[in-house]
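Asker: For the sequence shown, my numbering gives the first residue as 1, with consecutive numbering after it.
Check before you lean on any hint, since a few could be wrong.
Computed Cβ-Cβ distance ranges for the label pairs, DEER-style [said to hold, decoys possible]:
1) 30 with 108: 30 to 40 Å
2) 30 with 79: 11 to 21 Å
3) 15 with 105: 19 to 29 Å
4) 14 with 66: 34 to 44 Å
Lysine to any residue pairs mimicking SDA-like chemistry, simulated, CA-CA at most 25 Å apart [unchecked claim]:
5) 109 with 28
6) 105 with 119
7) 105 with 88
8) 109 with 119
9) 105 with 80
10) 109 with 14
11) 109 with 30
12) 109 with 73
13) 105 with 49
Simulated from the structure, these hints should not be mistaken for lab results.
Glycine included, C-beta positions come from ideal geometry on N, C-alpha and C.
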Amino acid sequence: SGARSGISMRSICATVEFSTPLGRVAVERAHLPHIVEKRQDARERYVHFALATMRTPFEVWSVEYDDGSQRLAYIGMFSGNRHMLVVVAQVNGLLLWNFMHSDRKALNKHRHGRLLFPNGQ
1 SGARSGISMR SICATVEFST PLGRVAVERA HLPHIVEKRQ DARERYVHFA
51 LATMRTPFEV WSVEYDDGSQ RLAYIGMFSG NRHMLVVVAQ VNGLLLWNFM
101 HSDRKALNKH RHGRLLFPNG Q
């Protein structure tokens, strides 16, 4: 077991990698404490929705911002009112992301830019 070998699960799972339609993503656990920082928000309950949205999105849009930067908007559709928007930005070689849940109507305002997935259909 990990306890006997002196290897902790924390060191084994320091980075989680997964595939998206646009390529592989590596998430370092050391950069995630802010998710549970504000206990009253209970944001960790949305992590599974965010991961599912990035792995199997309904759509992915490339959005250009006023400063010329590009962000990727992954849109996930789930049964009920649990729809998810994951916005991903690359800044100085780092991947920064934010996720929020939304109703279907509010999600539509994020469907702009250049449709990357499903392949510009």
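Asker: Indicate, hint by hint, whether the structure satisfies it.
Answerer: We went through each hint and held it up to the structure:
no. : hint                    : in the structure
1   : 30 with 108: 30 to 40 Å : holds (35 Å)
2   : 30 with 79: 11 to 21 Å  : violated (33 Å)
3   : 15 with 105: 19 to 29 Å : violated (37 Å)
4   : 14 with 66: 34 to 44 Å  : holds (36 Å)
5   : 109 with 28             : violated (30 Å)
6   : 105 with 119            : holds (23 Å)
7   : 105 with 88             : holds (21 Å)
8   : 109 with 119            : holds (20 Å)
9   : 105 with 80             : holds (13 Å)
10  : 109 with 14             : violated (35 Å)
11  : 109 with 30             : violated (32 Å)
12  : 109 with 73             : holds (11 Å)
13  : 105 with 49             : holds (18 Å)
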